[in-house]
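Student: Residue strings, one per chain:
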Amino acid sequence: MDVDVELREVSKHFGTVVAVDRVSLAIRRGEFFSLLGPSGCGKTTTLRMIGGLEFPTAGEILLRGAVVTDLPAYRRATNMVFQHLALFPHLTVFENIAFGLRLRREAPDAIARKVDQVLQLVDLPGYGGREIHQLSGGQKQRVAIARALVNEPAVLLLDEPLGSLDLKLRLAMQTELKALQHRVGTTFIYVTHDQGEALTMSDRIAVMNLGRVEQVATSQEIYARPQTRFVAGFIGEANFLDGRVVHAGPDGVLVAVDGLRVRAETAPAPAGAAVTLSVRPEHVKLGAAADAAANRWTGRVEEVTFMGAVVRARVVLDGGVRLVAELHNDAAAGLTPGAAVAVGWAAGHSVVLAG
Amino acid sequence: MPQIVVRRGGWRAALRRYAHVPLLTPAVGLTVAVFWVCMAVLVVMSVYPFLAAGTPRLTLAAWQRLLGDPYYWGVIGTTLRLAFVVTALALVLGYPAAYAISKIQRPGWALAAYVVLFAPILVSVVVRTYGWLLLLSNTGVVNYLLRAAGLIREPIPLIFNETGIVIAMVHILLPFMVFPILSVVGQVGGDLKEAAMDLGANRWVTFRRITLPLTAPGVISGCQIVFTLTISAFVTPFLMGGGRVQILSGLIYRDMEAVNLGFASVVALVLLALAVAILAASNVLTRRTYRRAEVERA
Chain Y
1 MDVDVELREV SKHFGTVVAV DRVSLAIRRG EFFSLLGPSG CGKTTTLRMI
51 GGLEFPTAGE ILLRGAVVTD LPAYRRATNM VFQHLALFPH LTVFENIAFG
101 LRLRREAPDA IARKVDQVLQ LVDLPGYGGR EIHQLSGGQK QRVAIARALV
151 NEPAVLLLDE PLGSLDLKLR LAMQTELKAL QHRVGTTFIY VTHDQGEALT
201 MSDRIAVMNL GRVEQVATSQ EIYARPQTRF VAGFIGEANF LDGRVVHAGP
251 DGVLVAVDGL RVRAETAPAP AGAAVTLSVR PEHVKLGAAA DAAANRWTGR
301 VEEVTFMGAV VRARVVLDGG VRLVAELHND AAAGLTPGAA VAVGWAAGHS
351 VVLAG
Chain S
1 MPQIVVRRGG WRAALRRYAH VPLLTPAVGL TVAVFWVCMA VLVVMSVYPF
51 LAAGTPRLTL AAWQRLLGDP YYWGVIGTTL RLAFVVTALA LVLGYPAAYA
101 ISKIQRPGWA LAAYVVLFAP ILVSVVVRTY GWLLLLSNTG VVNYLLRAAG
151 LIREPIPLIF NETGIVIAMV HILLPFMVFP ILSVVGQVGG DLKEAAMDLG
201 ANRWVTFRRI TLPLTAPGVI SGCQIVFTLT ISAFVTPFLM GGGRVQILSG
251 LIYRDMEAVN LGFASVVALV LLALAVAILA ASNVLTRRTY RRAEVERA
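The listed protein sequences correspond, in order, to chains Y and S.
Residue numbers 1 to 355, in the numbering used here, belong to the letters of the first sequence in order.
Residue numbers 1 to 298, in the numbering used here, belong to the letters of the second sequence in order.
The shape of chain Y in the complex, shown without the other chains (with noise of 0.2 Å):
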């Protein structure tokens, strides 16, 4: 599989900040790449070091196997959307999408083709003639898109561009973004720190924190085995239960938790190690539905809250344990603060983190 960017030990600082700390990445063709994180983790500068916006510290970058570290970004094959979009307020629509055409003196048919295709494809056909200001926010939104596709570039960065839309016109946008990805074939890198945004769009996510990441893996894979407990915590939500590894063989794992013993399918550490094990609210059965569960105790409601399509519940085990369920409402019934109730969940669905 071609690999359109490469990321080879990369660090920024700023000063005595560290910004982005040794990250190495490697971003196939035609991805559908995330780098998703709470604000100050280095995903933006990473993705405007790929962008030769900004230059790393130390490390190398690689765009279609060439190295292009010091490279600026006038020189690169990278086009990026930029999260306040920053069109050019005193061009048109078709000069701010000409823009980039226009400096490599492609021929004026040629550019009026493509930015007639451009708009075309992100569905504001006949917009050429419009002023930035006549425009709304998604169909800057688009405008901003068309000025960065219609360079064709290897791959099209882009830097939380739908953090400034409502939510709805947000929803609309992520399906769209992607369906366009999918036309145009191009890779795609982009930034938000919005994990179900992330979850919705991408073929693989990087999840960075404090400058490093975390993992990388596929939407499924990142919600369905998280590696450590960022990532379990950041994507989603998880109970944490600090533990020791008691037993690890190939018929599964033991971890003692506060005198329980939680079994879980594989772990990263040997008998022995100190590990979290992290457990998803929505696969901790509670009453019946915990009767062939592989971990099953016995515990008391403490709190139930209704949240619509769902209710969570808080338990504590008998062993003191406090645990957030979360289940559909209809399987809610008879929840009620002071209950005793069976707790369970899967082997397969405790998830042991290393430390």
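Mixed in with the good hints there might be a few duds.
What the hints assert, rightly or not - In the DSSO-like style, the derived pairs of lysine-lysine whose C-alpha atoms are separated by at most 30 Å in a straight line are: (1) Y/LYS140 to Y/LYS114; (2) Y/LYS178 to Y/LYS168; (3) Y/LYS140 to S/LYS193; (4) S/LYS193 to Y/LYS114; (5) Y/LYS140 to Y/LYS178; (6) S/LYS193 to Y/LYS178; (7) S/LYS193 to S/LYS103; (8) Y/LYS140 to Y/LYS168; (9) Y/LYS114 to Y/LYS178; (10) Y/LYS140 to S/LYS103.
Treat the hints as calculated values from the structure; they're not laboratory data.
Being a predicted model, the structure only gives us computed values, none of them experimental.
Position chain S relative to chain Y; hints supplied.
Tutor: Positioned in the frame of chain Y, the structure of chain S alone reads:
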């Protein structure tokens, strides 16, 4: 609640509606009294030249004298040429200065730059002009240094000619060019420049295609201010020109001294007409560039 509704159309509301009237009155009053009344007097005096002396008599003699004499056309030409050259040089020097000041990150340094640039405004124009006379005279520092460096043998005449006027005027008016540009150049977002670079523009192209058009409103108002101040300047051209460069404001002075009020009025009106014409022309330009730049900031 009902009381408030009743009072909505009452005297309080009326007071509120016309609250701007007392605020405007002094400024409008002053402008009307000093400017428009004086203008009217000028117009009358230009056709009744002996108004002050005695029997008024309608005559266009003063107008014919000015507009019929090639010498005076030459004076008008010199005045316009000086104004254009000073404006152009102030722009060439002022734009980079404004750009550089907007780039200063540290607040202390920015303040220092402001002080250096704008402090000369606090010094009297007469004092600054005499300063330039000393610097630029045949025995002045500039000619001395040029001779000492072996670049020239004979001193270059830098005063009592247009060169001297231009040098001093550019220096005196430079802050008026820098300030309007400074106020817009900082508003051109860094992300616009990055976007241009991302699309393949190097620094120069980014400047030409993005920064320059977006700062055009500041450039135009700076040019308007410098141009109007130059065209009507008197003290500096008078001292630096040493009586050898004749411009319109000098004519007014000469004819006022000679109690030739009719001709002085005509010259004053011509000067006004020139300034208005140039301002109107540049306003057309402004409206074109402003329309987009203004919207961007909104």
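Student: Given the hint that Y/LYS178 pairs with Y/LYS168, does the C-alpha gap stay at or below 30 Å?
Tutor: At roughly 16 Å apart (the allowed maximum being 30 Å), Y/LYS168 and Y/LYS178 satisfy the hint.
Student: Under the criterion that the straight-line Cα-Cα distance not exceed 30 Å, is the pair S/LYS193, S/LYS103 satisfied?
Tutor: This hinted pair holds, its Cα atoms lying about 13 Å apart.
Student: Do the alpha carbons of Y/LYS140 and S/LYS103 lie within 30 Å of each other, as the hint requires?
Tutor: Holds: Y/LYS140 and S/LYS103 sit about 29 Å apart, inside 30 Å.
Student: Does Y/LYS114 pair with Y/LYS178 here, judged by a C-alpha cut-off of 30 Å?
Tutor: holds (21 Å)
Student: Between the alpha carbons of S/LYS193 and Y/LYS114, is the straight-line distance 30 Å or under?
Tutor: Holds, because 23 Å separates the two Cα atoms, which is no more than 30 Å.
Student: Between S/LYS193 and Y/LYS178, does the CA-CA distance stay at or below 30 Å?
Tutor: holds (28 Å)
Student: Y/LYS140 and Y/LYS178 were given as a pair; does the straight-line alpha-carbon distance stay at or below 30 Å?
Tutor: Since the Cα atoms of Y/LYS140 and Y/LYS178 sit roughly 18 Å apart, the hinted pair holds (cutoff 30 Å).
Student: For Y/LYS140 and Y/LYS114, compute the direct alpha-carbon distance and say whether it is at most 30 Å.
Tutor: holds (18 Å)
Student: Tell me if the straight-line CA distance from Y/LYS140 to Y/LYS168 falls inside 30 Å.
Tutor: Given pair Y/LYS140, Y/LYS168 holds - Cα atoms ~16 Å apart, limit 30 Å.
Student: Is the straight-line distance between the alpha-carbon of Y/LYS140 and that of S/LYS193 30 Å or less?
Tutor: holds (18 Å)
Going through the hint list in order, the structure satisfies each hint without exception.
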